[in-house]
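Protein chains in written order, with this note's numbering: chain A, 938 to 1024; chain B, 938 to 1024.
A few of these clues could be false.
Where chains are identical, the list cannot tell them apart; a pair therefore holds if satisfied intra-copy or between any two copies.
Straight-line alpha carbon distances no greater than 27 Å define the calculated DSS-like cross-link-like pairs of lysine-lysine that follow [to be verified]:
hint: 1; residue 1: K960; residue 2: K1015
hint: 2; residue 1: K956; residue 2: K1006
hint: 3; residue 1: K953; residue 2: K1006
hint: 4; residue 1: K1001; residue 2: K1015
hint: 5; residue 1: K981; residue 2: K1015
hint: 6; residue 1: K983; residue 2: K956
What the hints contain is simulated information worked out from the structure, not anything from laboratory work.
There are 2 protein chains.
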Amino acid sequence: MFVIMVYDAGERRNSKVLKVGRKYLHWVQNSVFEGELTEANYHKLKEEVRRKVDNEEDSVIFYKFRTMKYTEREVIGKNVDPNNFIL
Amino acid sequence: MFVIMVYDAGERRNSKVLKVGRKYLHWVQNSVFEGELTEANYHKLKEEVRRKVDNEEDSVIFYKFRTMKYTEREVIGKNVDPNNFIL
């Protein structure tokens, strides 16, 4: 599945969420990750994020897609192509 | 169509992009908007964003979906339900 993760976390927790995100997905913009994940890794990612954030203060949204067939992605300004990443 | 817009703009331009985003979409998180748009309004939104950002410094990503049938949205932490918004 394809996953987009966007987050907004307090300063101290921000770098922790960034670290978890980088483990599973490609960084594409400040506080935005995307990438292909197995169902198992998606659950692991959510578990790890859950342990890092403050539920009252922070917010993490996951958009999960079974297919990207109906999707287009357009960028204005700086473009980080996640396909160019070497993990 | 359904659109997710995520942006990262320099401080002075940030509030300008925020203002444009609010005009067309629902704010769901710091630097993240989503919502239904006509093709015409999607083009207007992109045009307005283009006029506000610095192409060398800022980045705005649009994910555009013809259908949300294959999509799930999950939130950890604070949740702003865009369906509760009154525009």
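For each hint, the structure was consulted:
With identical chains, the CA atoms of K960 and K1015 are at most 27 Å apart both within one copy (23 Å) and between copies (23 Å). Proximity of K956 to K1006 under the C-alpha cut-off of 27 Å is found in neither arrangement, the shortest distances being 29 Å within a copy and 31 Å between copies. With identical chains, the CA atoms of K953 and K1006 are never at most 27 Å apart, being 32 Å at best within one copy and 32 Å at best between copies. Taking identical chains as interchangeable, the C-alpha atoms of K1001 and K1015 lie at most 27 Å apart whether they share a chain (24 Å) or sit on different chains (18 Å).
For the homomeric pair K981 and K1015, the shortest alpha-carbon distance between copies (20 Å) is at most 27 Å, but the shortest distance inside one copy (30 Å) is not. Only within a single protomer do K983 and K956 lie at most 27 Å apart by alpha-carbon distance; the minimum there is 13 Å, versus 31 Å between protomers.
Hint violations for this structure: numbers 2 and 3, all remaining hints satisfied.
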